[in-house]
Amino acid sequence: MKRRQAIAMVLSCLSLWVCGLPLGMAGAPQEAAVASFEGHVKAIRIDICGLQRGRCEGAMVLAQKEGGEVSLAIKPGIQIRRGE
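Position 50, counted from 1, in the sequence shown is what my numbering calls 82; the numbers after and before it change by one each time, with no gaps.
Calculated directly from the structure, the hints in this document are not laboratory data. Among the clues, some could well be false.
Now the in silico label distances, taken between C-beta atoms and shown as ranges [stated by the list, open to error]:
#: 1; residue 1: A67; residue 2: R36; range: 57 to 63 Å
#: 2; residue 1: R114; residue 2: A67; range: 56 to 62 Å
#: 3; residue 1: A91; residue 2: R36; range: 58 to 64 Å
#: 4; residue 1: G115; residue 2: Q84; range: 23 to 29 Å
Here a beta-carbon is modelled for each residue, glycine too, at the ideal position from N, C-alpha and C.
Given these sequences and hints, build the entire structure.
Encoded structure:
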């Protein structure tokens with residue numbers, strides 16, 4: 033009898049966990065903060081580059097106009113534009 037109760041308890045907990053899991057995953061996706069940087073490129077490193085435009089990954093060191101440097105990660109889909 034105790035064995036049946038234990039099996040029933042495990043199955044009920046498992047079913048609650050499996051049914052509740054999609055509810056936690058159904059939230060709205062988090063959007064990344066958008067920031068723009070201006071300056072001169074001091075160094076660029078390309079780790080992986082795909083065959084299509086916008087598929088490269090790596091890093092870039094940017095000398096900012098106001099002074100200082102910032103290191104930026106380059107992920108697929110990031111647009112890098114040349115200013116005027």
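The hints, checked one at a time:
1. Here the CB-CB span from A67 to R36 is close to 59 Å, well matched to the stated 57 to 63 Å.
2. Distance hint check for R114 and A67: the Cβ-Cβ separation is about 18 Å, which falls outside the suggested range of 56 to 62 Å.
3. Checked against the hint of 58 to 64 Å, the pair A91 and R36 passes, with Cβ atoms roughly 59 Å apart.
4. With their beta carbons about 25 Å apart, G115 and Q84 fall inside the hinted range of 23 to 29 Å.
In terms of the numbered hints stated before, the structure departs from hint 2 and from no other.
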